[in-house]
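**Student:** Turn these sequences into a full structure, and let the hints guide you.
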Amino acid sequence: DGSNGTTFQTTLPSAIILTIANDCGSATDTVIIIEDTNGPQLDLGADVIACEGDIVTLDAGISGVEYLWHTSTGSVSTDPELIVTISGIYYLQVSNACGTDSDTIVVDIHGTIPTPSLGADTSLCEGEVLLLISDADVETSVVWQDGSVLSEFVVSQAGTYSLTETNHCGSGVDTIVISYEAGPEAFDLGEDVVLCSGDSILLIAPATTDLITWQDGSHGASIVADQEQVYSLQIANDCGVSRDEVFVSFDPDVPVVDLKPSLSICPDQSVTLDVTQTFDANYLWNTGSTLPTIIITQPDVYAVTVFTDCYIETDDILIEADDDCEYEIFIPNVFSPNGDGVNDEWMVLLDDLNVIGIECRIFDRWGDLVYKDDATPISWSGEFNGKLMMPGVYVYVLTLESVSGEERIMSGDLTLIR
1107 DGSNGTTFQT TLPSAIILTI ANDCGSATDT VIIIEDTNGP QLDLGADVIA CEGDIVTLDA
1167 GISGVEYLWH TSTGSVSTDP ELIVTISGIY YLQVSNACGT DSDTIVVDIH GTIPTPSLGA
1227 DTSLCEGEVL LLISDADVET SVVWQDGSVL SEFVVSQAGT YSLTETNHCG SGVDTIVISY
1287 EAGPEAFDLG EDVVLCSGDS ILLIAPATTD LITWQDGSHG ASIVADQEQV YSLQIANDCG
1347 VSRDEVFVSF DPDVPVVDLK PSLSICPDQS VTLDVTQTFD ANYLWNTGST LPTIIITQPD
1407 VYAVTVFTDC YIETDDILIE ADDDCEYEIF IPNVFSPNGD GVNDEWMVLL DDLNVIGIEC
1467 RIFDRWGDLV YKDDATPISW SGEFNGKLMM PGVYVYVLTL ESVSGEERIM SGDLTLIR
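Convert by adding 1106 to the 1-based position in the sequence shown; the result is the number in our numbering.
FYI, nobody ran anything at the bench for these hints, they're computed from the structure.
Note that beta-carbon positions come from the ideal geometry of N, C-alpha and C, so glycine has one too.
Errors might be hidden in some of the hints.
Pair ranges (Cβ atoms, derived) [to be verified]:
no.	residue 1	residue 2	range
1	E1258	T1218	16 to 26 angstroms
2	E1426	F1490	44 to 54 angstroms
3	I1219	S1257	13 to 23 angstroms
**Tutor:** Encoded structure:
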């Protein structure tokens, strides 16, 4: 309008042009003023969700108006911005010469960044499962390490497992390492042990980091077994127990060898030397034989050694030539089978180790056989076929067999009286 003041005032819509000049030149700018009969347009935007501890600033986003805030606590403010620290419904009214507008916004301040907790790293036993659980609320999303989104996760094998929980405040992650432990392996202390008197054996536990417990409560890696008893070992950990036992005994089989100092034999006789034990044993004679018995036919000194796993016993015997080689036999020549209890049977008494067999036959005076037997002792009651024989003289014939296989026949008379 040609005025040259430093300010310009107008109440009408128009284009206002300002030019500033000096000796060096000029500059020009233009502003368009439009008349608007509408009042202010207020939009506080979408409702706000914040986390505990957050500070929310509400701003109308317009200027040149008067502000009137109303809070959920009943307080008011005329500031362009409102600082909010608690949840509530907030109301703003703005006014200028053209009119008034208002809007409401809900501020929800709650929640924190999730802090999932899966617990400490865990060791499980073979075959066990572990249920991992997220306690996230409905506003929090869950994602496990494999991408699954359920609130629970079943662990059945070793590995590293993670849980990510996310809500409007942020995300939190926790991780747990699951390992698996086996129960103690089966072990073998060995077969039952038979020791010799005074001996001992060292029982050794298998190499392990598990708890070792012997039958006496000790926990060493080995134990000296020097008593006759059951020795047991238990190996245990959190996942189980393994046991074994072994019976340690001492050899009771002590050989007994008694050959007597000496023995006499006749020519063509033989003697059996027997050192047989009631248990397993090894034998060695000075003849070279390894049998428990030997048959001797010649005078000499005979020695034997009996071996077991724990003991050695020796003995010897002198076998001498016998100058008196008659059979040791008693043959009565008269008997009286009359039932008076005295001399009622004719008996042949034989006390000779060299005789291994005997047969007796008795004949009457006509040569008829009235008795025959080969069992010892020889005993005749004076009967034949259940009938009493008549008194008289009878003839006996004895056939003797020696250990050398030689036979000798002896005969004589016997008298039966009533």
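**Student:** State for each hint whether it applies.
**Tutor:** To see whether the hints hold, each was checked on the structure:
1. E1258 <-> T1218: 16 to 26 angstroms: holds (23 angstroms)
2. E1426 <-> F1490: 44 to 54 angstroms: holds (45 angstroms)
3. I1219 <-> S1257: 13 to 23 angstroms: holds (19 angstroms)
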